[in-house]
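S.K.: Listed below, chain by chain, are the residues.
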Amino acid sequence: MQVWQAALIGLLCYLGALTTPWVFGLTGGWYVLTRPLVAGFLCGLVLGDIKTGVLIGIAVQGVFIALITPGGTVPQDLSFVSYLGIPIALIAHASPGVAVSLSVAFGIIGVAAWQILSVGNAAWAHVCDRYANEGNLAGIIRVNYLAQIGTFLLRGVLPFFVLLLGASFAQNLISFLNTQVPWLITFFSLLGGALPAVGIAILLLQIAPSARLLVWFLFGWVLVVYLNVPTVGVAVISALVALIYYWFFSRMDTETTQPQKAEA
Amino acid sequence: MSDFTIERPDDTSHEGPSATQTEKTLLKSDLNKAWWIWTFFNLSAFSMERMQAPGFVYMMSPIIKRLYSDNPEEIKSVLKRHMVFFNTEPQTGIIAHGVTIALEQQRASGAPINDEMINGIKAGIMGPMAGIGDSMIPGTLIPILLAVGISLSQGTGSPIGPIFYIIAYPLIILLISYYLFMFGYRYGMSSMKELAEAGFQRITSSFAVLGLMVAGAIGASIITLKTPLTYSSGSGANLVKVSLQGTLDKIFPQLLPLLLVVFLWWGMRKRGWPINRALLVILLVIFVGYLPGLLGSIFNIPVLSLFRIF
Chain A
320 MQVWQAALIG LLCYLGALTT PWVFGLTGGW YVLTRPLVAG FLCGLVLGDI
370 KTGVLIGIAV QGVFIALITP GGTVPQDLSF VSYLGIPIAL IAHASPGVAV
420 SLSVAFGIIG VAAWQILSVG NAAWAHVCDR YANEGNLAGI IRVNYLAQIG
470 TFLLRGVLPF FVLLLGASFA QNLISFLNTQ VPWLITFFSL LGGALPAVGI
520 AILLLQIAPS ARLLVWFLFG WVLVVYLNVP TVGVAVISAL VALIYYWFFS
570 RMDTETTQPQ KAEA
Chain B
486 MSDFTIERPD DTSHEGPSAT QTEKTLLKSD LNKAWWIWTF FNLSAFSMER
536 MQAPGFVYMM SPIIKRLYSD NPEEIKSVLK RHMVFFNTEP QTGIIAHGVT
586 IALEQQRASG APINDEMING IKAGIMGPMA GIGDSMIPGT LIPILLAVGI
636 SLSQGTGSPI GPIFYIIAYP LIILLISYYL FMFGYRYGMS SMKELAEAGF
686 QRITSSFAVL GLMVAGAIGA SIITLKTPLT YSSGSGANLV KVSLQGTLDK
736 IFPQLLPLLL VVFLWWGMRK RGWPINRALL VILLVIFVGY LPGLLGSIFN
786 IPVLSLFRIF
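As given, the protein sequences belong to chains A and B, one line each in that order.
Here the first sequence is numbered in the numbering used here, starting from 320 and rising by one per residue.
Here the second sequence is numbered in the numbering used here, starting from 486 and rising by one per residue.
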């Protein structure tokens, strides 16, 4: 692969990453550029074989057609599926079937990249906290741009070098990562799974001024874990509870205000 | 009877500016700017800890400048208010942003809207919109459009399919997103007027109920902490190994994540931990729990770590 081709595909990988803002954020990046159907076409365009690119894209897209990324958990990382798996399959003249398994292997490696990024980015949130305490709005805005450094390194520079070093290197990299350092992936998965607890606790600090209010938090929690109510269902139930609660409260208020009126 | 009531927030120190303040207005261009910023920067500083909060604050920046530019204390307060955990489906959950902007405008105009109310409503909308949005957009709309694109190019490998998708998806979703954003703002403005007549103080706690229940549902769905530990049960030939996680799941599913959240909340609220300390606690808990398993695998001893992924 030529340097300019690797650079262009690396750039596409970065532009299509989940956390890149430049192409209409999530909409144009993750949901358009990084769909394998589109990536197959674009990689084919860069590598000079649109027809094969589109056909490989279709084969890979079939596997990931209804991939949802709920709450930031990525079962398969489409960035590396689309911009490492597909171009390497293309230059290796792999069949669509081989392209699919190659892409899936890259997708699993990509999950580790995503976890490192989304855990590491927590540092930026803490920089934002400091700016918030100072009332520095411009600082928080700047963080939204600075946080791109990590995304660019992991989603642009890394794929560029992998593509430059070629297909055999990529295969070796996959087997190395899969066998030698699973502990790193495990550690970051564990951390990524537990980290939302900090965010939820901070949210609780804001909504629940007293410990007794935590009962409502527990109520929502047990609806999910015991009754498997989806979040939408909990929202509907909680709206009803809030309404009942409001009426109950209003009645209390009229009960307490009426005697006062009588006294006056 | 009072056992069923909720303590009303007695801390009114961070309530909105006094009602004597003049009516604040927002320009259409402020709203448009906010929408554009969010459309681009919704996930740019995403982290597992605070998720979309930095993008949310950036989205609020034209609004903050218009409403609070004359009041440095209010700027600090509004920045802290929106740096809390926020996560939704960014394209359709933007209805929460519209409502939040309406709330901030009312607050700046003197309505007694406090932090709990704003974040309660935000949480109450972001949770269900994440669920609805994810099932409607990546769960339904995108697969349909992709299927059309695939059928246009299948066999021939023509670029028509991908090109169709590249044009169709952003066009549809950006129109929907803009409409939902403006709908949220209008709805927030009109319903707030009704709410103001009903009395904010009473309503705040009702919204806290809503927000807290949804926050509970979000927490139970997205935090993962499981243990691979087992214990022995019975004796002799009947000795069986029982999975601790399996037992916990039978008694109280997702118990470990709940204990973790409550522990962090307790630390920050009662012990006054700064957020960095809470983060350090998580790092320590995971690291200490993971270390035995890591050492075990290096030295090839059958020792389990305290936690597992799936």
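The set of hints was computed from the structure by calculation and includes no laboratory data.
Some clues are possibly wrong.
Unchecked claim - Restraint-style ranges between C-beta atoms, simulated for each label pair:
#, chain 1, residue 1, chain 2, residue 2, range
1, A, Gly367, B, Leu656, 45 to 55 Å
2, A, Phe567, B, Leu714, 19 to 29 Å
3, B, Ala722, A, Ala530, 45 to 55 Å
4, B, Phe748, A, Trp341, 35 to 45 Å
5, B, Leu765, A, Leu492, 46 to 56 Å
Bear in mind the structure is a predicted one, so any value in this text is a computation, not a measurement.
We put the beta carbon where it would ideally sit given N, CA and C, even for glycine.
S.K.: Which of the stated hints cannot be reconciled with the structure, identified by number in ascending sequence?
M.R.: 1, 2, 5
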